Structures are given as structure tokens and as C-alpha cells.
Amino acid sequence: MPEPQITVSHLTKTYRVPQREPGLRAAVRSLVHREYRDVEAVRDISFAITAGEVVGFIGPNGAGKTTTLKMLAGLLHPTGGDARVAGHVPWQRRPDYLRRISMVMGNKSQMMWDIPPLDTFLVLREIYRVPAAEFQQTLDELVALLDMSDLLTKPVRNLSLGERMKCEMVAALLHRPAVLFLDEPTLGLDVSIQRRLRRFIAEYNRRSGATVILTSHYMADVAELCPRVILIHHGVLLYDGPLGGLVERLAPFKLIRLTLDGARDEALPDGLEVIEQENGRLVLRAARRDTPALTARLLSTLPVIDLAVEDPPVDAVIDQIYQEGSV
Amino acid sequence: MRAYATLIGQFIRASVQQELAYRANFLISLMHSLLNAATGVLGVAVLFGQVETVRGWDLGATLAVLGVYLTVGALRDLVISPSLDALAGMDGEVWTGRLDFTLLRPVDIQFLASVRHWRPFALVDLVIGIGVLVAAAARLDAAPGPGDLGAFLVAFGAGLLALYAVLLAFIGLTFWSPGFLFSWVFSGLFQMARYPVGLYPGWMRLALTWVVPVGIITTVPAQALAGDVGPGLLAGSVIAAVGLFAGATALFRAGLRRYASASS
Amino acid sequence: MNHRGGWALIRRTWASWMQYRGFFFLLAFGWMIPPLVYLFVWSTAAGGATVGGFSRGEFVAYYLVLILVNQLTYAQTNWIVGDVIRGGGMSQWLLYPLAPAYHVLSSELAGKVVYMIFVVPVTAVLAITLKPELHASLADVLAFVPALIFAWMLRFLWGYWLALLAFWSTRADALLAVQDALVFLLAGQVAPVALLPGVLGRAAEMLPFRYMVGFPVEVLTGQVSGTELATGFACQLGWLAVALGLTWILWRRGVRHYAAVGG
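Residue numbers (the working numbering), protein chains in the order written: chain E, 1 to 327; chain G, 1 to 264; chain V, 1 to 263.
No lab work stands behind these hints, which were simulated from the structure alone. Remember, predicted model here, so these are calculated numbers, not experimental data. Using N, Cα and C, we set each Cβ at its ideal position, and we do this for glycine too. Check before you lean on any hint, since a few could be wrong.
[Stated by the list, open to error] Covered stretches of chain G (in silico footprint by chain V; criterion: 3 or more residues with CB under 8 Å from a CB of chain V, positions within the stretch not fixed):
hint : region
1    : 26–39
2    : 191–200
3    : 217–230
Please work from the sequences and hints to get the whole structure.
Here you go:
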């Protein structure tokens with residue numbers, strides 16, 4: 001087992017948020033005596049990531065994913081615990097460390113607005129001190145991968161959201177970081193751009209060996225890109241492992257979709273739960289281990305035109321976790 | 001060092017392109033700059049058309065104060081203001097959280113925040129300001145000798161450093177109160193720097209020394225040009241400017257730490 | 001004329017602006033400083049004696065009145081007009097069964113009230129500290145009121161027709177900035193118009209800018225009376241007529257152009 005590139009142990013982040021009741025009297029009182037409330041955004045999280053992995057952080061809004069990501073990027077100081085990324089303590093913000101990481105935020109742009117993206121790239125080249133030849137090579141490679149050569153000379157304000165996100169990606173990768181933090185990179189993008197970006201991230205990871213940590217609310221992103229997910233909820237790490245394992249553990253059943261020819265006049269076999277029923281279509285739920293047998297019985301006892309066996313939708317599973325707050 | 005110089009060069013290049021992207025009406029801006037300077041000069045001229053001196057200040061010396069004001073203002077508008085103001089206000093980097101990107105760069109934050117954006121048009125104001133300074137120097141009782149010019153440069157540098165420090169301190173305060181229009185308040189108070197600090201009543205001079213160090217920024221350099229400044233005052237000016245700079249830097253960095261520990 | 005609609009609009013605008021009064025107070029503060037600078041400069045110059053016929057106290061009085069008059073006549077809404085035209089909001093204004101003049105007027109009135117809540121107390125405090133000498137007879141005060149109203153109308157309309165140029169060109173607000181600078185110079189801020197020498201003084205007496213700010217101040221401080229007062233009013237009303245004419249013409253042409261071009 002290679003030495004992990006990222007180690008996080010007992011990382012904690014607590015915010016002090018000023019508390020204030022509504023109303024005039026409370027407002028005056030608050031001038032003299034400030035009341036605070038502690039918000040534990042991240043509670044005692046530990047994990048390790050080896051170089052080159054693609055890991056997804058999932059969890060509901062406000063769970064602490066972005067806070068954790070920002071601590072690893074050095075943007076926030078933790079209240080407790082330790083972390084090491086690529087041999088550095090992130091929040092010390094050494095220039096050597098900052099040169100090796102990069103961050104893309106789906107809801108904020110780092111591009112200069114009124115001028116073409118290429119000009120922002122040139123400034124970044126200087127900031128990160130990338131040698132000219134290497135810069136050109138990297139730029140050409142990224143532009144080819146993202147198919148965006150015609151965008152380089154248009155002012156950023158004239159680009160669509162998807163085109164801008166492509167530029168953000170290039171801007172983040174010009175200095176060939178060893179670790180890439182992606183905070184909701186596909187936010188608000190249309191389906192085809194999302195797929196494009198996913199393929200790009202996967203390909204980039206494959207070619208460069210950069211470690212990628214991704215947070216996203218789109219399960220499709222996580223399912224396609226991340227062999228490993230870390231589930232954070234209420235600041236606590238609930239699960240660390242393959243996404244499939246999460247689904248299996250929580251939802252050890254399968255869905256059977258049937259289309260029937262004519263009415264159903266026989267009772268269903270035991271062990272099947274009806275989820276949906278409409279005209280001749282049925283959606284049934286069965287325990288995983290019983291599914292093959294039950295499927296065979298259904299086929300033999302009912303006038304089945306069409307039958308499909310599916311895994312439960314990841315979204316529903318995740319939603320269940322979010323609601324119940326535990327795994 | 002060279003890396004920093006190249007970086008600044010890149011920033012200037014990008015800023016020029018952003019300016020050009022707007023195709024601002026050069027002529028009207030030029031007229032505006034000239035009008036502002038003319039108003040200032042005429043104000044002084046009208047005053048000294050009525051009196052010979054005011055509290056020891058004559059036409060040449062007062063014009064020199066105006067010249068320093070215009071020149072320092074131009075340098076502020078050239079780079080210090082455009083760069084620092086990007087952090088403040090409702091669409092500034094602190095409020096919107098875009099400061100995160102700036103914090104990720106492997107370059108010192110204060111350096112980045114201070115020289116990132118340039119407004120090349122301010123060069124016109126700079127030329128006008130220097131023009132007024134030269135005209136003032138010509139009107140002085142005694143033409144400035146090399147010693148005076150040396151003292152002037154030192155005092156001017158101290159004044160510029162003090163101005164930068166005050167602006168930086170206001171940006172530091174932005175971390176505690178992101179929406180507040182500090183720069184507008186300062187611009188208003190800075191108007192008082194057009195005239196020698198000696199012209200204001202005593203109680204005001206105190207505020208003008210500590211809140212807006214108008215005396216150091218414009219009055220002392222003008223006195224130096226007029227050959228009217230002793231080594232004590234000059235040294236005091238430099239020390240005060242350096243002190244302000246140290247204080248402002250500390251405040252700025254304290255604000256940054258607060259941002260880094262609070263933002264989510 | 002939709003008076004009820006207009007009045008409702010004015011009240012609503014005032015209420016919403018009061019929410020942001022901190023912001024507006026700051027703006028008013030910034031606008032007060034330049035006259036204050038000249039107050040100090042001139043009163044210090046006068047010292048114990050007089051300069052150009054003004055004593056220290058008279059300079060203080062002149063500039064304190066100037067601060068009030070300047071704030072009362074400053075037409076900040078003209079800056080909005082250009083924005084509204086460029087931003088396409090003019091289409092919405094033209095749809096209301098309410099002349100667009102009401103929108104502008106309501107901001108004006110609302111703004112004035114909010115600013116005054118700040119400026120009046122501050123000026124009062126300054127008056128107590130700086131001890132002005134004000135020689136105003138009853139006649140001066142009576143003449144002051146119409147002079148002030150006409151001054152506001154003139155300053156507003158003059159800026160308005162300039163702002164209407166936004167129908168044709170996007171750079172109109174640069175001209176507004178130029179106008180502000182000219183007002184600063186020739187309207188009695190840099191120095192009372194009486195003290196402006198030679199050509200400058202004569203130009204100031206003929207151009208409209210003095211009648212936007214300086215003239216009412218001069219009336220209240222007792223600087224003009226008799227024939228000078230009459231001539232002053234005549235010039236003021238003359239320029240007001242010019243401004244009205246220009247506004248009228250540009251408005252009609254502008255709306256036609258706007259509709260043709262498709263705002």
C-alpha cells in the first residue's frame with residue numbers, strides 16, 4: 001500500500017455564530033452583550049486518500065463537505081485535528097503547497113470578466129510561474145480535450161455557463177496540480193455539458209495521475225466518476241467506501257418492472273411488495289437474494305410482456321440516509 | 001524580485017485590455033480630468049487674488065499642496081485604489097467569497113490585493129498633477145534647490161506610503177464590516193488634503209492627523225518643496241508613515257485570518 | 001394628471017429609501033465636505049478682518065447656507081434617468097398610466113427628505129460651533145423661497161435634458177459629471193460669485209450655474225437686493241425657460257427614437 005497523499009485525522013471545525021432575537025430591544029441589548037451559538041460544521045473526521053484516487057464527498061446541504069474541502073485547500077483553519085496533503089499542512093499556506101493544488105467552485109468564477117479567457121490564463125501562468133513551453137503544451141492538451149479552441153478569444157461575459165465552466169477547468173489545471181478540489185463543478189449545467197465534463201475529469205485523472213476530490217449533488221457525477229465516496233452528514237463521516245457498497249448496505253433489494261398483457265387475476269407470490277401499479281404496469285420490490293427465484297415465478301404465473309430487474313435509484317437511497325441521518 | 005516585476009507586468013497588460021474592452025470615451029474623461037484640476041487651480045488663484053497670504057501660506061506654496069494632492073491622487077487611482085477596492089463593497093471579493101481564489105494563489109495576499117488592477121487612464125491625471133507641481137515650483141519665493149528636491153522626494157514617498165496605509169487599513173476593516181462604504185468616506189475626507197493643514201481650525205487638525213493623515217500626505221511634501229521643512233519634521237513624517245504602514249498591514253492580516261476562520 | 005397615483009408613488013419611494021438611510025447619510029456626508037473645505041479656507045483667510053467685503057462670520061454663514069441649498073437642489077435622480085433608458089426600464093415607465101415625470105419627482109422628493117434628516121442637524125451643530133454671522137432681512141427670507149424653488153427646478157431640468165441624451169448615446173452620464181464640475185466652479189462653491197475675478201466673474205453671472213446654487217444663497221445672506229435681485233430672478237427664469245424648452249423637445253424626440261429603435 002503506497003503512503004497516502006492525503007491524511008486527515010480528527011478534523012473538527014466549529015463556528016461561533018452571533019445569535020440575535022428579533023425586535024428592537026434585543027437589537028439594543030446586542031450592542032452591549034453579544035450572544036454566540038456554536039455550530040459544529042465538521043466533527044472529528046478522519047480518512048486517508050492515496051495519490052491518483054478520485055473520491056466523491058456526498059451529503060446534504062450544510063453537511064460539512066465544502067467546509068472539509070476548504071480546510072484541505074488551506075482556506076479555512078480547523079478548530080481541532082490534523083491534516084496533511086502532499087506532505088504539507090494545508091492551512092499554513094506555503095507557496096510550495098499552493099502551487100500543487102487547485103480548486104474549482106461551481107458557484108464562483110475566477111475568470112476576469114471582460115477579456116478573453118486566454119488573457120486570464122496568461123496571468124495565471126505568471127502567478128504560478130509555469131515555464132512558457134510547458135504552459136503551451138498543457139494549454140493545447142486541455143483545449144483539445146475540452147474542444148474549446150474557438151472560445152479562447154471571446155470575452156468571458158459573452159460565453160454561456162457551460163463554456164465558462166470549461167474555462168474554469170482549464171484555469172485550474174494550467175499549473176498541473178497534484179491535487180484538484182472540485183466543489184460542485186456541474187452546478188446548473190445542461191446534461192450534455194455535464195457528461196462532457198465528467199469524461200474530461202476521468203480522462204484527466206487517468207492521464208495525469210492527479211488526485212481528484214469532488215463534491216456534487218448530482219448522483220450521476222458521483223456514480224460515474226468516483227469509485228470511492230465519503231458520506232458526511234451533520235459534520236460526521238458516516239460512510240467511506242464504494243458507492244455500490246452504500247447502496248447495497250442500505251437498500252438490499254431490487255426493483256422489478258413488469259408490463260402485463262391484460263388484467264392480473266392471480267395473487268402475487270410472497271415476498272413481493274407493490275410500489276407502483278398503473279394499467280398493465282407494475283413496479284415491485286423484492287429482497288436481493290430472493291429476486292432470481294421470484295422473477296422466475298412471476299414469468300411463469302403472469303401474462304408478462306416485458307420484465308426488467310433494476311437496482312434501486314441511488315438518489316432515493318441517499319435521500320433515505322439524509323432523512324434518517326444514519327447508515 | 002524579477003518574478004514580482006514580471007507579474008506586475010502581466011497585471012498591467014490584463015488591466016489595459018479590460019480598459020480597452022469598454023471603449024470609454026477618452027475625450028470626455030480627459031475633459032473631466034482637466035476640469036477638476038482647473039477648478040482646483042482657480043480656487044487657489046481666486047483666494048490669493050483676494051489676499052497675499054493665509055497663515056503664512058502664499059500662492060506658490062498652496063499651489064504646491066494642490067499639486068501634491070493631484071499627483072498623489074493620480075497614483076492612488078492608477079493602481080492602489082483599483083486593486084484594493086476590488087475587495088470591498090457589495091460585489092467585492094470579501095462579500096462574494098471570491099477572495100477564496102485569491103487566497104489559493106502561491107503569492108503573498110497583500111501584494112496581490114495591492115497591485116492586481118491598474119487604471120492606465122490615471123496617467124493623464126498624473127501628468128496634469130505633475131504639471132501643477134512644476135507650475136507651483138515656479139511660483140515659489142525661492143526656486144527649489146537640489147536639497148529641497150531631495151527632501152521633497154522623501155516627503156512625497158512618505159506621504160504616498162501613508163496614503164497606501166490608510167487605504168489598506170480601511171480594506172482591513174472591510175473584513176469586519178463588508179458592506180460599509182469605507183472608500184467613499186475616505187474620498188470625502190481626503191478632499192481636505194487639497195489645502196495646507198494649517199488652514200483648518202486646531203481641533204480639526206487633530207482629526208486630520210490621525211484619521212486622514214492629511215498633513216503627512218500633502219502638506220509636508222509641499223513645505224519640503226518650498227524649502228520650509230526641517231530634518232525633524234521630515235524624519236517624523238517618515239516614521240509616522242512607516243508606523244501607519246505597519247499598523248495597516250497588521251490590521252489587514254488580522255482581517256484575513258478572520259475571513260479564513262469564518263467563511264463557510 | 002394622476003395625482004393620487006403620483007402621491008402614492010412618492011410615499012412608497014420615501015419609505016423604501018428610509019430603509020437605506022445609513023447609505024444615504026453617508027452620501028450626504030461626502031457631498032458636504034467640499035463646501036466645508038472652502039468654508040474653512042475662506043474664513044481662515046478672513047481671520048479678524050474682511051476679505052472681499054466678507055468677514056469670517058459672513059463666510060461661515062454663506063457656506064453653511066450653501067451646504068443646505070446645495071443638498072436641496074442637487075438632482076441626483078438625473079443619474080438614474082440614463083440608467084433607466086439604457087437598461088430598458090423606460091419601457092416599463094412608459095407603460096404606467098403615470099407620466100414618467102412622477103417617477104423622477106418621487107425619487108427627488110424622497111431623496112431630499114432623507115438627506116435633510118442628516119444634513120439639517122449636522123449643519124445646526126456646525127453653526128453652533130463655528131458661529132456664523134447672518135444678516136437676513138424679512139425681504140431676503142421671502143425672496144429666498146422662490147429663488148430656491150426655481151434653483152432646484154433649473155438644476156434638475158438642466159441635468160434632465162442632458163440625461164435624456166442617453167436616448168441617443170450611451171455616454172450621456174459622462175456629461176453629467178462634467179456639469180457637476182462646472183457647477184462646482186461657477187455656482188459659488190469655490191468662492192462666492194462676487195469674489196470671482198474678471199472674465200470668470202462675468203461668465204458666472206451669465207451662465208445658468210450660478211442660478212442653480214449660488215443665487216439663492218446670495219439672496220438669503222443679503223448679498224443681492226433691489227435691481228440686482230430683479231436681474232437675478234430674470235436670468236434665473238430665462239434659463240429655466242431654456243431648460244424647459246430643451247427638455248420638452250428632447251423628450252418628444254427621444255421617445256419617438258426609443259420606440260423606433262426598440263428599447
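Comparing the hints with the structure gives:
Counting residues of the region 26–39 of chain G whose beta carbon lies closer than 8 Å to any beta carbon of chain V gives 8, which meets the minimum of three for the stated coverage. For a cut-off of 8 Å, the count of residues in the region 191–200 of chain G with a CB near a CB of chain V stands at 6, and the three-residue condition holds. With a cut-off of 8 Å between beta carbons, the region 217–230 of chain G has 0 residues touching chain V; three or more are needed, and the interface restraint is violated.
Violation of the numbered hints given earlier is confined to hint 3; every other hint is satisfied by the structure.
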